[in-house]
Every structure is written in C-alpha cells, then in structure tokens.
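Engineer: Chains as they are written, first to last, in this note's numbering: chain A, 48 to 262; chain B, 401 to 788.
Using 25 Å as the maximum straight-line C-alpha spacing, the simulated DSS-like pairs for lysine-lysine come out as follows:
| id | chain 1 | residue 1 | chain 2 | residue 2 |
| --- | --- | --- | --- | --- |
| 1 | A | Lys178 | B | Lys415 |
| 2 | B | Lys409 | A | Lys162 |
| 3 | A | Lys64 | B | Lys783 |
| 4 | A | Lys74 | A | Lys260 |
| 5 | A | Lys152 | B | Lys405 |
| 6 | A | Lys129 | B | Lys702 |
| 7 | B | Lys783 | A | Lys118 |
| 8 | A | Lys180 | B | Lys409 |
| 9 | A | Lys118 | B | Lys702 |
| 10 | B | Lys702 | A | Lys202 |
| 11 | B | Lys415 | A | Lys152 |
| 12 | A | Lys152 | B | Lys409 |
| 13 | B | Lys783 | B | Lys702 |
| 14 | A | Lys180 | B | Lys415 |
| 15 | A | Lys52 | B | Lys783 |
| 16 | A | Lys129 | A | Lys178 |
| 17 | A | Lys129 | B | Lys783 |
| 18 | A | Lys164 | B | Lys409 |
| 19 | A | Lys178 | B | Lys405 |
| 20 | B | Lys783 | A | Lys260 |
| 21 | A | Lys60 | B | Lys783 |
| 22 | A | Lys152 | B | Lys702 |
In short, the hints are calculated from the structure, not lab data.
It should be emphasised that the depicted structure is a prediction, and the values quoted were computed from it without experimental measurement.
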Amino acid sequence: MLEIKNITKIYTKGGDKFTALDTVSFKVEKGEFIAVVGPSGSGKSTLLHTIGGLIHPDSGQVLYKGNDVYKMSNQDVNRYRKENVGFVFQQFHLMPYLTVYENIKIAGVEAESKKGKIEELLEKCALLSLKNKYPSELSVGEKQRTAFIRAIISKPGILLADEPTGNLDPENSKILMSLIEDFHQSGGTVLLVSHQSETSKYANRMITLRSGKLL
Amino acid sequence: MNPFKLVIKELFYRKVSSLVILVTVIAASTVSVAVYTLSKASENETRKIMREQGLNLYIFPKGTNLLDFYSVNNTPTFPENYIDTLAESKTFDAVRHLTGILQLKYPNWTDPNGSSHQIVVMGYKDEAMQRFLSKQETMGFDVEQGTVHVGSLLSVNIPEGEKFEITGNDGKQYEFEIAKRFEEGKGMLDQGVAFNLSDLQQVLGMEGQINKIEALGCVCHDGRINNARNQVQNIFSDLEVTEISSIADARENQRLMMNKYGSFIIPFILIVSMLISGLLFYSNVTGRRYEIGIMKAMGKSKSYILFIVLLKALLIGFAGSFAGFFAGSFIAEYFGKEIFSFTAISIKPLWSLFGFSVIIFPILWMLSSWIPALMASQIDAAKTLGKE
Numbered sequence: 048m049l050e051i052k053n054i055t056k057i058y059t060k061g062g063d064k065f066t067a068l069d070t071v072s073f074k075v076e077k078g079e080f081i082a083v084v085g086p087s088g089s090g091k092s093t094l095l096h097t098i099g100g101l102i103h104p105d106s107g108q109v110l111y112k113g114n115d116v117y118k119m120s121n122q123d124v125n126r127y128r129k130e131n132v133g134f135v136f137q138q139f140h141l142m143p144y145l146t147v148y149e150n151i152k153i154a155g156v157e158a159e160s161k162k163g164k165i166e167e168l169l170e171k172c173a174l175l176s177l178k179n180k181y182p183s184e185l186s187v188g189e190k191q192r193t194a195f196i197r198a199i200i201s202k203p204g205i206l207l208a209d210e211p212t213g214n215l216d217p218e219n220s221k222i223l224m225s226l227i228e229d230f231h232q233s234g235g236t237v238l239l240v241s242h243q244s245e246t247s248k249y250a251n252r253m254i255t256l257r258s259g260k261l262l
Numbered sequence: 401m402n403p404f405k406l407v408i409k410e411l412f413y414r415k416v417s418s419l420v421i422l423v424t425v426i427a428a429s430t431v432s433v434a435v436y437t438l439s440k441a442s443e444n445e446t447r448k449i450m451r452e453q454g455l456n457l458y459i460f461p462k463g464t465n466l467l468d469f470y471s472v473n474n475t476p477t478f479p480e481n482y483i484d485t486l487a488e489s490k491t492f493d494a495v496r497h498l499t500g501i502l503q504l505k506y507p508n509w510t511d512p513n514g515s516s517h518q519i520v521v522m523g524y525k526d527e528a529m530q531r532f533l534s535k536q537e538t539m540g541f542d543v544e545q546g547t548v549h550v551g552s553l554l555s556v557n558i559p560e561g562e563k564f565e566i567t568g569n570d571g572k573q574y575e576f577e578i579a580k581r582f583e584e585g586k587g588m589l590d591q592g593v594a595f596n597l598s599d600l601q602q603v604l605g606m607e608g609q610i611n612k613i614e615a616l617g618c619v620c621h622d623g624r625i626n627n628a629r630n631q632v633q634n635i636f637s638d639l640e641v642t643e644i645s646s647i648a649d650a651r652e653n654q655r656l657m658m659n660k661y662g663s664f665i666i667p668f669i670l671i672v673s674m675l676i677s678g679l680l681f682y683s684n685v686t687g688r689r690y691e692i693g694i695m696k697a698m699g700k701s702k703s704y705i706l707f708i709v710l711l712k713a714l715l716i717g718f719a720g721s722f723a724g725f726f727a728g729s730f731i732a733e734y735f736g737k738e739i740f741s742f743t744a745i746s747i748k749p750l751w752s753l754f755g756f757s758v759i760i761f762p763i764l765w766m767l768s769s770w771i772p773a774l775m776a777s778q779i780d781a782a783k784t785l786g787k788e
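Okay, chain A solo, but in the shape it has when bound (with noise of 0.2 Å):
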C-alpha cells in the first residue's frame, strides 16, 4: 500500500546542516498499525510530515499504491492528503470560530450522507451533545477527539498521528487511543508516532529511529 524508499531529509539552519532522515526505507501494508518511536529529534515527525505529502524530501520516494507522492502534480498531492491521508496533531489545531460540527466539517464533508455520518461518529465519540460549541468550551479530550473525527471523516486510507495523546491525560488518552484501535479494525492503516509506551502496544509493528536512521 505504501512503500518508503530510501528517504533523506536534512534541513540547514545557520549553515549547519541536519540530517533528519537517513535513507529510511519501509514498507506499510494495508491495515497495519504501526509505532514510531525514538528520542526527541530522531526524525519521527518529520518522517510522518514526508508521508503525509507535507515535506518534499531531498531524495527518495513515497510510494502510495505504486504512485510517487512527490512526483505528482500539486493538485493531485492536495487529492492524496484529502482523499487518503488523515493528520491528527499533538496540538488539535481546530479552527477557534468554528463549531464542532463545523471543524469536522471543513474537511471537506460536504454529502448529505457524510454528514450523517458526522452525527454517527459525535455519538461514538460522546462529543453529540457538544456539536454545536467552540473549542474554547471543550476539554483537552474533547478537543483531540474533535481532531480525530476531523482526520477519518473523509475515511482515508492512513491515519498519521503524531504524539496524538500528547497532551491528554491518562484516561483521555486511553479514550482516544481505543479510537485510532476501531479505526484500525475497520481496516483502516495507522501510523503513530510516540513517546509513550503505553500507546505503542497498540501497534503490532514498531519502527525505531535515531538520528534519522532506522533501526
């Protein structure tokens, strides 16, 4: 489904030059739930950020179902992270003016269908009731589930999720945790990056980097 290929990423700042990623190869297969792990600045957000067709690489490809994600036109990387990509942050990154209903929403959800579907996922995440506040109204939990909605209401292929209970408490994390679980036994492909042990047993794959290698 998806294949890395011998990925490099260094960034320059200041002259100094930094390797985030050192020709990291792996393959994901659909349905798969796999853990990135690895010590801060090992290249595990950016190694998301490059799947996610966010960050261009300086060599190497992104293979979703045989296509190079870098070698498509803009619109059809705008296409692939709509239809096939779904981002879920540390920090929510809702939309402050926007509704509940509405953050999910502007993802593009724009069928009749679709928006019962919305109703459906709110119910199944116990946000109903709160469909029609604003962020500032929600609690850190509420607010990462508002988040997780957001990126599987266009039902994308992967889940790329970046240190997602980050900043949730033990039992808001275990909330949204058992989430990304049924997204993934819907068949749905994860990735996840982490600091935490207790979300990496979730995956049953786990991919370590340090300094941009893999291990």
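Keeping the supplied structure of chain A fixed, place chain B upon it in accordance with the hints.
Structural biologist: Structure of chain B alone, referenced to chain A:
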C-alpha cells in the same frame, strides 16, 4: 464548507483586527468620496460663478469694431440660425454652451418717472444643444418669453410690482413681467435688461438676427482657442472668435488647481490606507498560520487559501466602501454648504461615484492583501504543525 461562511465566521471571531481594517477602508473611502464630491462641487461653483460673469469666448461677425460694441446700436449682425448650424456640426467640438445673443445700446429708454436713459438691451437665445457632444448642464441665461431680468441701476427706477415697458422700433409700447432684479455688481448688466431673444428681436424689429455668440470651453494653455477659431472659420468664414482671457484663465486655474489637489490627495490617502491594511492583513495571516497549516494538511489547495484571504479583503473592502460612500457624502454635504455658497443646495451624493467606489475599493483592498495572501498560501504546513 462554504468559504464565504468560513470568512464571515473568522471576521467576527477576530473582531478587533477586522474592525481596524474596516475602519481603515472606511476612512480611505470617506476621504476619497468627500474630496471628489467637493471637487465636483467646486467645478459646479465655478460654473455658476462663470454663469454670473458671462461666458468666456465670444463669436462676432468679422470686422466688428469691438471698441464700440457696447456703446453703439448698429453693430453688424448675422442670422441666429448660424448657431444651429454650429450645434449640428460634427467638426465643431472645441467649445461648449453656445448661446446666441443680440446685444445693443438702447439710447432712449424712459423710466416710469418719465426720465430718459441710455441702457443696454440683451436678448438671449436658449443655449444650443450640440448634437454630437455629450449633454451638459446649461450655463446661459434662461429668460422666459414675456419676462425680463433687469440690472440693478434700472431696477431702482422701476417700483416693485411695475412692469418693464419699452418702445419698439415700430413705435408700439411693449410690456414685460420683471422675473428677476439683479443685485448690483453685474458689470454691463447693471445698466441693462435681459430679454428672451425672440422678444427683443420683435421690439427692435430684428427678427432672426443676433450679433454675438457666447460660448465656453477653451482651455487656453493647450491651444484649443486656436482650434476653436479654425473650426468656426471653416464653417462660417464671416465670423471671428475672441477670448475673454481673464475669465478663461480664472476658470482654467481653478480647474487645474482642483484637479491637482484631487489627483494628489486621493491616491495619497488610498496608498497609505492600503499599506496599513496590507500590514494588518499580514499580521492576520501570521496569527492564522496553524489554521492555514491544518487546511493544507486536509488537502486544501494553495488557491483555496489564497481565495479565502482575498475574499476577506473583498468583503471588508465592500463594506468599507459602502459605509465610506455615505460618510464621505455626508461630510461633503455638511462642510460643502459652508464652503460653496452658490452650489450649496446641489451638493448631494454622487450616485455614479457609489457604483464606482463599491467596485474599486474591494478590488484595491484585495490588492492590498495580495502579498499576505500569497504568503499564507506558501505557509509550510509541516513546519507549522510539526513539533520537532
């Protein structure tokens, strides 16, 4: 989600910054509309003052002795239908406001007290509409048939309620209603009487004759007076053109001054306001980098992000221009009445400007947000959203 709704929600969420940008647009729009309206009022004022002073370009029969023109009663005349020929001509466009006049000295007018006076009689033909030029407000005298306008020196000799009486060349006595009594200070007209042309022609037995065409329109510095002379003489070689330069210069200077003033102040205000707005849009975009980053992560295109920033500028520009038009018109009306005494009543909102401003200001404000919008569309989502 509808981008329009998204922009409106963001506008109301960031009330203060939106309001500051809106106020900037309103201020720019208000000043521009007020200055433009006042400059138009100034032009009207000039036109009305000119009307009081007379027109600035005289067309006489060739060979007319101008030294004697105002003091004799036998100057050469020409057919009044010459003016119609000029007005119908495609090649005669150097002057406007063609007014046919018969002006003579009337040597022996007897006032109601029985005293005899030399007076100047002037018959005014209705201003000719030039068929191949755009319509303009008339400037000439409008003297109704059967009425006269009398100068101040005559007026003091005619009691209120009395009619103006004059003996015709045919020996008959003619009576006219006095429609207007001029204040003193009208020059030649102080000792004159203005008639409708056909009335005066009948009194003097000079049907179909005039001895002068007054007109306006020479912008002397660019040679249009010579152009006017050539155009007249190409049509009627028996006529010649004389310019009353002091009036023409005054009008020209006034117009140039107002044009220079308007062409400096309006762009200046617009550019400063657009720069301020551009900085505010930049600040707005910087504050929204996470939103923009997440939009990109959701697959929204650069053009979508560009569009929502420009749409915001368009909406603010539209609202600001709308409010600014009424505020500017109000200011022009309020202060203009103090400044322009002749045209005070006619200082009103320029509705043609309304259409122009509600189109041009939104476009200008979209331009002012163009660079911030481009920056927004270039925001690196990975850098913004990532934490490593």
